[in-house]
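Those protein sequences? They're chains A and B, same order as listed.
Residues in the first sequence are numbered consecutively from 1, following my numbering.
Residues in the second sequence are numbered consecutively from 119, following my numbering.
If you're looking for bench data, these hints aren't it; they were derived computationally from the structure.
Be aware that one or more of the hints could be misleading.
Said to hold, decoys possible - The list that follows gives simulated cross-link-like pairs (lysine-lysine, DSBU-like), each with its CA atoms no further than 30 Å apart:
#, chain 1, residue 1, chain 2, residue 2
1, B, K189, A, K44
2, A, K44, B, K155
3, B, K174, B, K212
4, A, K44, B, K156
5, A, K71, A, K51
6, B, K123, A, K44
7, A, K27, A, K71
8, A, K44, B, K186
9, B, K155, B, K123
10, A, K27, A, K44
11, A, K27, B, K156
12, A, K62, B, K212
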Amino acid sequence: NAGVMQNPRHLVRRRGQEARLRCSPMKGHSHVYWYRQLPEEGLKFMVYLQKENIIDESGMPKERFSAEFPKEGPSILRIQQVVRGDSAAYFCASSPALAGGRFENIQYFGAGTRLSVL
Amino acid sequence: DQQVKQNSPSLSVQEGRISILNCDYTNSMFDYFLWYKKYPAEGPTFLISISSIKDKNEDGRFTVFLNKSAKHLSLHIVPSQPGDSAVYFCAAKKSSGDKLTFGTGTRLAVRP
Chain A
1 NAGVMQNPRH
11 LVRRRGQEAR
21 LRCSPMKGHS
31 HVYWYRQLPE
41 EGLKFMVYLQ
51 KENIIDESGM
61 PKERFSAEFP
71 KEGPSILRIQ
81 QVVRGDSAAY
91 FCASSPALAG
101 GRFENIQYFG
111 AGTRLSVL
Chain B
119 DQQVKQNSPS
129 LSVQEGRISI
139 LNCDYTNSMF
149 DYFLWYKKYP
159 AEGPTFLISI
169 SSIKDKNEDG
179 RFTVFLNKSA
189 KHLSLHIVPS
199 QPGDSAVYFC
209 AAKKSSGDKL
219 TFGTGTRLAV
229 RP
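Next comes chain B alone, as it looks inside the complex (with noise of 0.2 Å):
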């Protein structure tokens, strides 16, 4: 039972061009979304994250959106840099709860 779905596994874009990663979720209890970036053998780093009373978060050049409706976010890189490639990880929780949930992620290739 899959409850956060990560549909493209990879997704490669032009450097300097804006790179737009996709969520969706089943479960309306979750409440709280995160997005994380890995590197090949590292440890998942945090990056951005949303309440579901927003539908909107910016840092620099990370923005997430939110669809509560729709139950889907997505996460904007704007502008795409090499140093962007990544597998990156959208996870999920309850605000009442402890567990992340994680999507299977996203490979981005920026290329330069």
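Excised from the complex, chain A in its bound form (with noise of 0.2 Å):
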């Protein structure tokens, strides 16, 4: 059982240009949440989706930065026009969904995305 799926490993970008970050949960969760972690900090909470909702998106820059997670394929988080404080890395994770809408307490991480701006 494959765990959860990040590509790229490492994205390069230039100030300006665009950064797209793929995640493909643990198969059977459809919860999946992005964290960013900036350089000697904590992981700090930007955005929780479930197929083809944004539940909770209150982490997530008001500007530039998206995210979405399809009916079908894997959950992307767009950042629009770099610049250089983007440069971090980016973790995804992902739970399954427990009956009668109670939430799983663990998340399980993939091995990030570090973005680095030039």
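Reconstruct the complex from the two isolated chains, following the hints.
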């Protein structure tokens, strides 16, 4: 059973370009979370998605950032017009849905995408 | 507003001895706590967790203790092994919520 898959592992962009980060959750998991880790800091929540729905985007910057989790295919985190401050490690996590609307407490993480903005 | 704090950025322990990593939180709505281990260039790996209705949870060499009144939890690793050298993150969540709130991590070095 493959774990959470993220690609690319490393992404280099020049200022003003777009960055697209992909995440395929673990098999059977329908909840996807994106976190960002700046150097020497902990992971900070960005967005929580279920298939075709954004459930909580309270951690997303208001501009240039967007996320989707389509019915088919991986979840995508898109950063438009990247700036140097976007350089960070971006981690995706997934968890399964539980019956009765309950939340699975444990989230399983991918290896991350390291974005470098030149 | 750092709701989960790990005040020791680093810890060095001799192989075979006990490692104790500490974590404090401020949000009384948190009722589930997790520890993750992270190697460089990898994602966090789940280690052990505890619900607020318990004060201790044990899994092999790893034990997590929760003191709810003090809003404090700790991870004990005994005996420590060189392969335990990594960054350890404490995380908290509300059972009715979704996101994890992480501490800033403690870098553990286990000396052979």
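Tested hints:
1. With a C-alpha separation of about 21 Å, the suggested pairing of K189(B) with K44(A) holds against the 30 Å cut-off.
2. Under the criterion of a C-alpha separation no larger than 30 Å, the hint pairing K44(A) with K155(B) is consistent with the structure, at around 16 Å.
3. Distance check on the hinted pair: K174(B) and K212(B) sit about 18 Å apart at the alpha-carbon level, within 30 Å; holds.
4. About 15 Å separates the Cα atoms of K44(A) and K156(B), which keeps this hinted pair within 30 Å; it holds.
5. With a C-alpha separation of about 6 Å, the suggested pair K71(A) and K51(A) falls inside the 30 Å cut-off, and the hint holds.
6. With a CA separation close to 13 Å, the supplied pair K123(B) and K44(A) stays within the 30 Å bound.
7. In summary, the hint linking K27(A) to K71(A) is supported, as the alpha carbons are separated by about 14 Å, within the 30 Å threshold.
8. Note on K44(A) and K186(B): the hinted pairing holds, with a Cα-Cα distance of about 24 Å set against a maximum of 30 Å.
9. Under the criterion of a C-alpha separation no larger than 30 Å, the hint pairing K155(B) with K123(B) is consistent with the structure, at around 16 Å.
10. The straight-line distance between the Cα atoms of K27(A) and K44(A) is roughly 24 Å, inside the 30 Å bound, and the hint therefore holds.
11. For the given pair, K27(A) sits about 22 Å from K156(B) by alpha-carbon distance, which is consistent with the 30 Å threshold.
12. The hinted pair formed by K62(A) and K212(B) meets the criterion: a straight-line CA distance of about 24 Å does not exceed 30 Å.
Hint compliance for this structure: every hint is met.
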